[in-house]
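Per our numbering, the sequence shown starts with residue 732, numbered consecutively.
If you're looking for bench data, these hints aren't it; they were derived computationally from the structure. The beta-carbon is built from N, C-alpha and C at its ideal position, and this holds for glycine as well. Where hints are given, some of them may not hold.
Claimed, not checked - 16 angstroms max Cα-Cα, derived EDC-like pairs, lysine to aspartate or glutamate:
#: 1; residue 1: 835; residue 2: 761
#: 2; residue 1: 814; residue 2: 883
#: 3; residue 1: 800; residue 2: 746
#: 4; residue 1: 836; residue 2: 749
#: 5; residue 1: 739; residue 2: 805
#: 6; residue 1: 739; residue 2: 799
#: 7; residue 1: 815; residue 2: 749
#: 8; residue 1: 811; residue 2: 883
#: 9; residue 1: 815; residue 2: 883
#: 10; residue 1: 811; residue 2: 755
#: 11; residue 1: 804; residue 2: 746
#: 12; residue 1: 800; residue 2: 743
#: 13; residue 1: 785; residue 2: 764
#: 14; residue 1: 836; residue 2: 799
#: 15; residue 1: 740; residue 2: 799
#: 16; residue 1: 804; residue 2: 749
Claimed, not checked - Pair by pair, the computed Cβ-Cβ distance ranges are:
#: 17; residue 1: 865; residue 2: 742; range: 47 to 55 angstroms
#: 18; residue 1: 740; residue 2: 853; range: 42 to 50 angstroms
#: 19; residue 1: 853; residue 2: 749; range: 22 to 30 angstroms
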Amino acid sequence: MSNETDFKKSSDCIDWLEKSIANEYFNYYEYSEFNNLSPIGSGSYGIVVRANWKNTENLFALKSFSLDKTTLKEVINEIKLQKKVDFHENILRLCGITRIEAEKKYSLVLEYADGGTLKTYLNNHFNELNWDDKFQLAFQLTSAVEYIHNYDIIHRDLIIQKLMSAFYLIKACK
Numbered sequence: 732m733s734n735e736t737d738f739k740k741s742s743d744c745i746d747w748l749e750k751s752i753a754n755e756y757f758n759y760y761e762y763s764e765f766n767n768l769s770p771i772g773s774g775s776y777g778i779v780v781r782a783n784w785k786n787t788e789n790l791f792a793l794k795s796f797s798l799d800k801t802t803l804k805e806v807i808n809e810i811k812l813q814k815k816v817d818f819h820e821n822i823l824r825l826c827g828i829t830r831i832e833a834e835k836k837y838s839l840v841l842e843y844a845d846g847g848t849l850k851t852y853l854n855n856h857f858n859e860l861n862w863d864d865k866f867q868l869a870f871q872l873t874s875a876v877e878y879i880h881n882y883d884i885i886h887r888d889l890i891i892q893k894l895m896s897a898f899y900l901i902k903a904c905k
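Make the full structure from the sequences, and use the hints.
Shown next, in the form of structure tokens:
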């Protein structure tokens, strides 16, 4: 897979996505296999929804994005970076991609962190946490940041609203 990201137009980016799907660079999920979609937030790309997959209890976060060239280049860069750091327990995993045919859109299929944002978690549970719990949360965040730095990746937008929690595990996301 080429590391070329100097795309001239958005159709070049879409071609990259389609070739990556065809070459199984990442998993492709049929959008029709997702159900019980529930909005959970929005970001710079678009909205994020929680969804069940194939009538199972498996939950994913679907992060939609627009097809303008700037956003597509950012998404492709995010995909490439996520593939490099996909093995750390405190970093949300990119599971694949899906295509919403009716809207002519794509969505990243991401691991779902059921605890919401770290900010919400701390607002609701801070007084219940002892110092060991707080130390573990700080250690997990530091471990994730150190891990991405080992791959020469700098997270330029690491704010508490972008940190997710799942069973006392911090999950950093882009």
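Here's how the hints hold up against the structure:
1. 835 to 761: Holds. Residue 835 to residue 761 sits at ~14 angstroms (cutoff 16 angstroms).
2. 814 to 883: holds (14 angstroms)
3. 800 to 746: holds (12 angstroms)
4. 836 to 749: OK: residue 836 and residue 749 at ~12 angstroms, within 16 angstroms.
5. 739 to 805: holds (14 angstroms)
6. 739 to 799: holds (12 angstroms)
7. 815 to 749: violated (20 angstroms)
8. 811 to 883: holds (13 angstroms)
9. 815 to 883: Within the cut-off at roughly 10 angstroms; holds.
10. 811 to 755: Satisfied, since the Cα-Cα distance of roughly 14 angstroms is no more than 16 angstroms.
11. 804 to 746: holds (12 angstroms)
12. 800 to 743: Answer holds: residue 800 to residue 743 is near 9 angstroms, not above 16 angstroms.
13. 785 to 764: Answer holds: residue 785 to residue 764 is near 5 angstroms, not above 16 angstroms.
14. 836 to 799: holds (11 angstroms)
15. 740 to 799: holds (9 angstroms)
16. 804 to 749: Holds, because 14 angstroms separates the two Cα atoms, which is no more than 16 angstroms.
17. 865 to 742: 47 to 55 angstroms: Given a distance of about 49 angstroms, which is inside 47 to 55 angstroms, the answer is holds.
18. 740 to 853: 42 to 50 angstroms: holds (43 angstroms)
19. 853 to 749: 22 to 30 angstroms: Cβ of residue 853 to Cβ of residue 749: about 41 angstroms, so the range 22 to 30 angstroms is violated.
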